[in-house]
Amino acid sequence: MAWDNRGQGRYYYKSVRIGKQVVRRYVGTGPLAEFVAEKDAEARANRLAAAEACELLKSYLGELDGTMEQHRQLIDLVTSGVLMAAGYHRPPHRTCWIKRYGRRQLKTG
Amino acid sequence: MADANSKPADQPIADLQALVAQARAGDVEVLPALRHMLASRPEIWQQCADLGGNVLRRWIERLSLEDPLAEESLLLKVQAMKIEVGGTAPTPLEGLLVDRIVVCWLQLQQADGLASQMDGLLPKTAALILRHQKHAHRQFLTAVHTLAIVRRLQPGVVG
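Which chain is which? The protein sequence lines are G and W, in order.
Under the numbering used here, think of the first position of the first sequence as 2, with each following residue one higher.
Under the numbering used here, think of the first position of the second sequence as 138, with each following residue one higher.
Isolated chain G, as found in the complex:
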C-alpha cells in the first residue's frame, strides 16, 4: 500500500493479490484516502503484532521440547534394553514386544 505523489496531488493505492498476481488498485485521494490509509496501517500493525505473538507462543511452547525429546529417547532406550535383556524383541515396523524364545509367545500392543 502506498501513496503516489504526482504533481501537487497525493494518490493512495492498494496492492491486492488476485490468484498468483499482485494488482495495484487505485483507492483515491483527499480525506477519504487518508482515512482508508490509516485503517490499512492499523490492520497491518495488528497483523504484525499477531504474527509476533504467534512466534513468541511457538518459542514458549517449544522451550522444553529438546529436553523432553532427550528424556523420551533415553527412556525408550532403557526400556528397550530391559525388555530385550529379558528375552523380548520388537519385530521391524511393529509396536508390540514378543518373547524371543521359550514356549509362550506373549504379545503386547
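What the hints contain is simulated information worked out from the structure, not anything from laboratory work.
You may find that some hints are simply not true.
Computed cross-link-like contacts, EDC-like style, restricted to lysine to aspartate or glutamate with a CA-CA straight-line distance of at most 16 Å [unchecked claim]:
| hint | chain 1 | residue 1 | chain 2 | residue 2 |
| --- | --- | --- | --- | --- |
| 1 | W | 214 | W | 198 |
| 2 | G | 15 | G | 43 |
| 3 | G | 15 | G | 41 |
| 4 | G | 15 | G | 39 |
| 5 | G | 100 | W | 164 |
| 6 | W | 271 | W | 249 |
| 7 | G | 15 | G | 35 |
| 8 | W | 219 | W | 231 |
| 9 | W | 261 | G | 43 |
| 10 | G | 15 | G | 5 |
| 11 | W | 261 | G | 56 |
| 12 | W | 271 | G | 5 |
With the hints as your guide, set chain W onto chain G.
Here is chain W on its own, set in the frame of chain G:
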C-alpha cells in the same frame, strides 16, 4: 545421543545404545552383556533419573509461575501421583516410566490450560495451541502405554 562429541559421562548410555542396536539387529549373543550392563552400571539408571528430575523441576517452575504456593502444591501433587501410579516399591524401570508419565502429565496440564483460553485468538495461534495439545496428549498416552507393557511383561530383575 551417541556421537563423536559424546562426553565421558555419556559413555554408559553410548555403550547401552550400541548393545541395544546390536540386539535390535537380531544379535542374540549380546543379550547376556546387555543384562549384565543393566544390572551392574547404576550410572545408567542414575542418568535417566537425573534427566527426569531435571525435566520435572523445569515443568514445575514453569507451571507455578514463580508462585511458591503453586510450586509447593504441584510438588505435592507430583509426589502423590508418583505413589499412585508407581506404587510403594516400583522397579527401577517402573520408577523411570512413572517419572515420564508425570512429566508428560505436567506438559498436558499446560496444553489443556492454554487450549481452554483460546477465545478471541487468531486461527493460526489457535491451531498452534491445538497441535501442541494433541502432541502432549499423545506423549502422555505413550508413556502410560509403555508402563502398562512393562508391567504386563514383567521383565524381571534388571528392570
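Each hint tested on the structure:
{"no.": "1", "hint": "W:214 x W:198", "verdict": "holds, 14 Å"}
{"no.": "2", "hint": "G:15 x G:43", "verdict": "holds, 14 Å"}
{"no.": "3", "hint": "G:15 x G:41", "verdict": "holds, 9 Å"}
{"no.": "4", "hint": "G:15 x G:39", "verdict": "holds, 12 Å"}
{"no.": "5", "hint": "G:100 x W:164", "verdict": "holds, 15 Å"}
{"no.": "6", "hint": "W:271 x W:249", "verdict": "holds, 9 Å"}
{"no.": "7", "hint": "G:15 x G:35", "verdict": "holds, 12 Å"}
{"no.": "8", "hint": "W:219 x W:231", "verdict": "holds, 10 Å"}
{"no.": "9", "hint": "W:261 x G:43", "verdict": "violated, 20 Å"}
{"no.": "10", "hint": "G:15 x G:5", "verdict": "holds, 11 Å"}
{"no.": "11", "hint": "W:261 x G:56", "verdict": "holds, 10 Å"}
{"no.": "12", "hint": "W:271 x G:5", "verdict": "violated, 49 Å"}
When held up to the earlier numbered hints, the structure conflicts with 9, 12 and fits the remainder.
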